[in-house]
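A.B. asks: Residues per chain are reported as follows:
Protein chains: 2
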Amino acid sequence: MKRLSDIGEDSLIERLVHRLDRGGESGDRVVVGPGDDCAVVDVGRPGLYQLLKTDSLVEGVHYLAETPAAKVGWKAVARVISDFAAMGGWPGQLLVTIAMPADKEVRYVDGLYRGMNKCAAAYGAEICGGETSSVPDGSAAVISVAGTGWVKKSRYVTRSGGQVGDLVLVTGKLGGSIKGKHLNFLPRLEASRWLVDQFRIRSMMDLSDGLARDLPRLAMASDCGFLIDKKMIPRNRGCDLSQALGDGEDYELLLTVSRRTAAKLCRDWSHAFPALPLTVIGELTDKASGEALPGQLGGWSHFSASNG
Amino acid sequence: MKRLSDIGEDSLIERLVHRLDRGGESGDRVVVGPGDDCAVVDVGRPGLYQLLKTDSLVEGVHYLAETPAAKVGWKAVARVISDFAAMGGWPGQLLVTIAMPADKEVRYVDGLYRGMNKCAAAYGAEICGGETSSVPDGSAAVISVAGTGWVKKSRYVTRSGGQVGDLVLVTGKLGGSIKGKHLNFLPRLEASRWLVDQFRIRSMMDLSDGLARDLPRLAMASDCGFLIDKKMIPRNRGCDLSQALGDGEDYELLLTVSRRTAAKLCRDWSHAFPALPLTVIGELTDKASGEALPGQLGGWSHFSASNG
Numbered sequence: 093m094k095r096l097s098d099i100g101e102d103s104l105i106e107r108l109v110h111r112l113d114r115g116g117e118s119g120d121r122v123v124v125g126p127g128d129d130c131a132v133v134d135v136g137r138p139g140l141y142q143l144l145k146t147d148s149l150v151e152g153v154h155y156l157a158e159t160p161a162a163k164v165g166w167k168a169v170a171r172v173i174s175d176f177a178a179m180g181g182w183p184g185q186l187l188v189t190i191a192m193p194a195d196k197e198v199r200y201v202d203g204l205y206r207g208m209n210k211c212a213a214a215y216g217a218e219i220c221g222g223e224t225s226s227v228p229d230g231s232a233a234v235i236s237v238a239g240t241g242w243v244k245k246s247r248y249v250t251r252s253g254g255q256v257g258d259l260v261l262v263t264g265k266l267g268g269s270i271k272g273k274h275l276n277f278l279p280r281l282e283a284s285r286w287l288v289d290q291f292r293i294r295s296m297m298d299l300s301d302g303l304a305r306d307l308p309r310l311a312m313a314s315d316c317g318f319l320i321d322k323k324m325i326p327r328n329r330g331c332d333l334s335q336a337l338g339d340g341e342d343y344e345l346l347l348t349v350s351r352r353t354a355a356k357l358c359r360d361w362s363h364a365f366p367a368l369p370l371t372v373i374g375e376l377t378d379k380a381s382g383e384a385l386p387g388q389l390g391g392w393s394h395f396s397a398s399n400g
Numbered sequence: 093m094k095r096l097s098d099i100g101e102d103s104l105i106e107r108l109v110h111r112l113d114r115g116g117e118s119g120d121r122v123v124v125g126p127g128d129d130c131a132v133v134d135v136g137r138p139g140l141y142q143l144l145k146t147d148s149l150v151e152g153v154h155y156l157a158e159t160p161a162a163k164v165g166w167k168a169v170a171r172v173i174s175d176f177a178a179m180g181g182w183p184g185q186l187l188v189t190i191a192m193p194a195d196k197e198v199r200y201v202d203g204l205y206r207g208m209n210k211c212a213a214a215y216g217a218e219i220c221g222g223e224t225s226s227v228p229d230g231s232a233a234v235i236s237v238a239g240t241g242w243v244k245k246s247r248y249v250t251r252s253g254g255q256v257g258d259l260v261l262v263t264g265k266l267g268g269s270i271k272g273k274h275l276n277f278l279p280r281l282e283a284s285r286w287l288v289d290q291f292r293i294r295s296m297m298d299l300s301d302g303l304a305r306d307l308p309r310l311a312m313a314s315d316c317g318f319l320i321d322k323k324m325i326p327r328n329r330g331c332d333l334s335q336a337l338g339d340g341e342d343y344e345l346l347l348t349v350s351r352r353t354a355a356k357l358c359r360d361w362s363h364a365f366p367a368l369p370l371t372v373i374g375e376l377t378d379k380a381s382g383e384a385l386p387g388q389l390g391g392w393s394h395f396s397a398s399n400g
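Heads up: the protein sequence lines correspond to chains A and B, in order.
Mapped onto our numbering, the consecutive letters of the first sequence carry residue numbers 93 to 400.
Mapped onto our numbering, the consecutive letters of the second sequence carry residue numbers 93 to 400.
Since the hints were made in silico from the structure, they are not lab data.
There could be a bad hint or two in this list.
Which copy? The list can't say, so a pair holds if one copy fits it or any two copies do.
[What the hints assert, rightly or not] Derived lysine to aspartate or glutamate pairs resembling EDC-like cross-links, with alpha carbons at most 20 angstroms apart:
#1 K322 to E341
#2 K245 to D120
#3 K244 to D134
#4 K94 to D202
#5 K94 to E197
#6 K356 to E158
#7 K244 to D120
Okay, chain A solo, but in the shape it has when bound (with noise of 0.2 angstroms):
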């Protein structure tokens, strides 16, 4: 009998995602179906295409039952931000699901949605609605934050578009987000803009399980191998390479372009955001030639028995 911790969660996302039914009758038309960061939806407004994302914390997973409740409030809303930016997008509307024990204090609560409140002022977005629910007691609270967003059609990115020969660069140090970083983090919502208003990008995410585990699945998408050069890698003070290829919870940009554009990217950058570094640290190649990092190095998998 197969549990879901046998086969890990890209392995349960796949299954899924080829169960699924495509055919709404509304006229919309979905561009990026499951498996990207974002869905990119066609809704018929004139140069935009809407996406669409749904992110949840459980206690207990993604954050402390002693976390102050307004860190895991900023976080919830920060990681959907951040989605929005991988795809090149910014936040419209949110809605916010509480499910939590009846025995939580009202206190808590206010305190998450000031933290909402304030990431989501920050960043443009509007909470317009949600629901709240009650849990068994002694259950995990669970926070899930759904959102629209938009990106210009001429600009949206996927995981998908990279090509062999691509140079990969990755935003900010990565590692040793659980010392603090994954609570109080600033999605790169401004970064990925001004990135996809000012060249073209092939393919980015963000990197929220770690490079180890999310460099992998880009290069999968994009139906590419991968070389990094481990020395390049920023790292956070105090971190080893394991830890900045695994620890996870960066959310810093991972993104592919071609050797041309890097060139000038990384020219312009530095005087667009002198204080964020932006680093090459590999390269696409064709998928026989490129070097195995999945599993040894590490990186976050829900449901996997092999975690750490």
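With chain A fixed as given, assemble chain B onto it according to the hints.
C.D. replies: Just chain B now, with coordinates in the frame of chain A:
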């Protein structure tokens, strides 16, 4: 120290709504914010508003661990479609969030998706993504469905449009949903479309928590009181009045129309939907002269210690 169980679901939502920031920068305009069945957003699509909705099912609250997975999946999607119907609209795209323990059988998740896809396909909705997450062992599973829908700008119906003197009508029969109907109910999508296309429906909602809780909500949103004729309330076989009022999960439409509209509506209805009752159960009054129905007659409230 106040806990969620001390204040109940309605008060909680009211607290949160007052804290919500309004100020999206996407050029969209929120037409109806929190507190109705869906949020309504003007996204610049000619003739149509977008509807936004999120709704979750919690194991042990909305269904049992031993409930067949496909039925749980049907219910999860059908509840969201019922909310689109409640506004006079129809569904577009759906995103599915599944948070469950890693020891859940893969077969169970397959069944969930089978049920969700069946319901989505039956009502013209399109599942275009979502995410999966683990919850700590022993925690209740949470299934959340977020969706976009559409409604004609000239036809959307809220809870707040009722007027003194309106007649109050309900589709179908009430009570006893727990015996099975709550798992395989048919959202009143077709009936709702017919109603809003043919008639001026002043206010509408779907009955999820029982008439005894939901009618006061509609009346309050419309700044009215209400009088109902308890003998007129259509009951499912084997249900007494208190069950018809308080069981909840009926997923029928509750609506109000002017007296003049009601006469023609009831005649035409029986030709259009011969198998589905539509019953006048009362009227909206001014606030001072209505009856005090809530509380005493039951109905389901999350977080309330006095459910039953």
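A.B. asks: Could you run down the list of hints and mark each one as holding or not?
C.D. replies: Going down the list of hints, with the structure as the test:
no.: 1; hint: K322 to E341; result: within (19 angstroms within a copy, 56 angstroms between copies)
no.: 2; hint: K245 to D120; result: both (14 angstroms within a copy, 17 angstroms between copies)
no.: 3; hint: K244 to D134; result: both (11 angstroms within a copy, 18 angstroms between copies)
no.: 4; hint: K94 to D202; result: between (40 angstroms within a copy, 11 angstroms between copies)
no.: 5; hint: K94 to E197; result: between (38 angstroms within a copy, 6 angstroms between copies)
no.: 6; hint: K356 to E158; result: neither (46 angstroms within a copy, 59 angstroms between copies)
no.: 7; hint: K244 to D120; result: both (16 angstroms within a copy, 15 angstroms between copies)
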